[in-house]
Amino acid sequence: MQALVIVAHGSHLNPDSSTPTRRHADTIRATGAFDEVQTGFWKEEPSLREVLRTVESEEVYVVPLFISEGYFTEQVIPRELRLEGWDVSEWDSDGLSADTATLVAEDTGQTVHYCGPVGTHESMTDVIVRRAETVTGDPDVGEGFGLAVVGHGTERNENSAKAIEYHADRVRETGRFDEVRALYMDEEPEVDDVTDYFESEDVVVVPLFVADGFHTQEDIPEDMGLTDDYRAGYDVPAEVDGHRIWYAGAVGTEALMADVVLERAADAGADIEEAIASVREETRETPAAGD
Amino acid sequence: MTDVRSEQFDTLVRRLDERPIDFEGLRAEWDGEGYAFETPERTHEGLSQAGLHEAAANADPYVTNWFFWEVDVGHEGRHRRAFLRKLEAADERPVSERYDDLREGMVTEWGQLRITATLDDAGDRRYEVRHEDDASADAAALETHEDPLDARDIATYDEKGRYRPLKTAPTLVDGWVFPALDGRELVETVDTFYPATIANWNLEREGELDVSHWEETMERQSGIYSVIQTWNRGKGTDHVEWVAESCCDDSQCLKRREWQYDEETELDAPGGDGAFPCREPCSLVVAAARKWTRLEGEESRTYEFELTPSEKEQVEDIIDAVADGRIDDVREADIYEGANRYRTRFLRAKRFDEEGNLSGTPTEGAEAEAEAEANGDGES
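Protein chains in written order, with numbering that gives the first Met the number 0: chain A, 0 to 290; chain B, 0 to 379.
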């Protein structure tokens, strides 16, 4: 028997933070690729401390629904899951390349394939592009459009910006969009000045966040000038300084994210090729803008 | 009367090819020439397969019971098996009595859940789950659910529509029923309402519950939570007692607190009477303790307030009403109640200045604290 456990932050204050995590778990559960699919949270239940005991399988794939490598993926999650002898050097990562480490959970004795976060996986680039398709309602969106990949950015963790740069570079290399930029909330270049960085009239803005919350629903829309007050909402697209801004909201809410979770587990050795194909198929729909 | 179905009989014959069966009153074996078959009521020797079939068909309830526990439930999920056995008191009651009880329905309370175990015609168990407050409700009057994961939506908000971050808070809404779950679905449903409670209950039952006490749990905190490690400050366990008293009371959480200050030092605050154990301070307690650690870092000051004796008592009433969640019980026009809204508004009108300072006395030294909080306490 093999189980998939998706671990995420969660929140004491609102339920939306964990909604994408649960939805992706449901998508994967429906493929039947794993005998069990469970979610575990830092701030909700089951807690990271207890999630492993809620699955019966001896073989567990743990995929963190986080954007970058750092404090949570390297310290908090392995510690709380009680992964025996964990040492971050097992990932031998440059901040983007963490893939998998196989360890034993001290309290349950299960074999845990601990994966790198979804945010740094190469297939995350596809999700960003899919997000642009979803928000514009155009499966061929690209020509005449600019794309901004937005990250939190922080001086405390250099890996946080690395993931944003990485995906922005990869999208740029495809040549699909006229322009691609990496922008940040807390460092230069800032998302506040989004229109300064694009020639294109149409700009899709995709925040690389797991869930919609304070930053993606309040800060970023207000900072970009989509709205004076987030409670009043904003249009998609919204006119700002002669540009049309197609604001996509958190990339983590995109259905295709379930695919990245599966890719992480597959890279760690899970035999789930068929599931990956079926998730790609099922999450392909591009709803009209505003849905 | 339950039926032995052909699937059950075929499985019985296949198992007997491998090894004898001895389970809860059923004994059977194949000696190379014939089958021996025994229940507390009857003994047969040298049976042909047809004879075995007839004996098994008449052996209500032993064969269907064996099939349910040894084939259907099996031994892979030990916590699941233990919980399902608890629901029919399987370790305390003989099979025949259990079957009689199951036909009536055997009820177990688990937090605010009411679980009823029953039998179908082939001895398969069916489980109904509903809120304890709906014990006597007609099932047709309740909202019916089949998918265990529906429990997530039911458990997300309380009756006022507020988010429930603590799944074991005694605020589960009623009005729903899962009328016919199988064993696996039942365990999934219960574990969705109350995550990990089945595993922890069973670990405790087996003497293996891994309790992490206050001190070791706080010691492993890092990042913005590492401030909790400064908690002790040489004042003994008073603060921890206050945390336990405020958060771990039955009125706030249905888990039974098993963690103490440390291995040697028990807390005086009662741990509660819940069915399932709490094996370490939860993330809500940790977050609260962090805030209180910061607040406790402030020194007391002396303020001077003008209050009439009744106003002082009113302040006490207000604190009590908020702490016990009673404000909604204070009637609109009951101005005899200290926590009445109009009476409280009167107090504010009379005793607050324009800045909202009680008695016109400014607060000193609280601003730096508020600033530090705003920068470090964000939820992502």
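No wet-lab data here; the hints were simulated from the structure.
Idealized CB from N, CA, C, for every residue including glycine.
Where hints are given, some of them may not hold.
[As the list claims (entries may be wrong)] Facing chain B, from chain A, some residues (calculated, C-beta under 8 Å):
| # | residue |
| --- | --- |
| 1 | Lys-42 |
| 2 | Glu-43 |
| 3 | Glu-44 |
| 4 | Arg-48 |
| 5 | Thr-53 |
| 6 | Glu-55 |
| 7 | Tyr-70 |
| 8 | Gln-74 |
| 9 | Asp-106 |
| 10 | Thr-110 |
| 11 | Ser-122 |
| 12 | Thr-124 |
| 13 | Arg-169 |
| 14 | Glu-172 |
| 15 | Arg-175 |
[Said to hold, decoys possible] Some chain A residues flagged as far from chain B (calculated, every beta-carbon gap over 12 Å):
| # | residue |
| --- | --- |
| 16 | Asp-25 |
| 17 | Asp-34 |
| 18 | Pro-45 |
| 19 | Glu-105 |
| 20 | Gly-174 |
| 21 | Arg-180 |
| 22 | Tyr-229 |
| 23 | His-242 |
| 24 | Gly-268 |
| 25 | Asp-270 |
| 26 | Ala-276 |
Against the structure, the hints:
| no. | hint | in the structure |
| --- | --- | --- |
| 1 | Lys-42 | 5 Å, holds |
| 2 | Glu-43 | 7 Å, holds |
| 3 | Glu-44 | 4 Å, holds |
| 4 | Arg-48 | 7 Å, holds |
| 5 | Thr-53 | 5 Å, holds |
| 6 | Glu-55 | 4 Å, holds |
| 7 | Tyr-70 | 6 Å, holds |
| 8 | Gln-74 | 6 Å, holds |
| 9 | Asp-106 | 6 Å, holds |
| 10 | Thr-110 | 16 Å, violated |
| 11 | Ser-122 | 23 Å, violated |
| 12 | Thr-124 | 22 Å, violated |
| 13 | Arg-169 | 25 Å, violated |
| 14 | Glu-172 | 30 Å, violated |
| 15 | Arg-175 | 30 Å, violated |
| 16 | Asp-25 | 7 Å, violated |
| 17 | Asp-34 | 10 Å, violated |
| 18 | Pro-45 | 4 Å, violated |
| 19 | Glu-105 | 9 Å, violated |
| 20 | Gly-174 | 34 Å, holds |
| 21 | Arg-180 | 23 Å, holds |
| 22 | Tyr-229 | 16 Å, holds |
| 23 | His-242 | 29 Å, holds |
| 24 | Gly-268 | 22 Å, holds |
| 25 | Asp-270 | 20 Å, holds |
| 26 | Ala-276 | 24 Å, holds |
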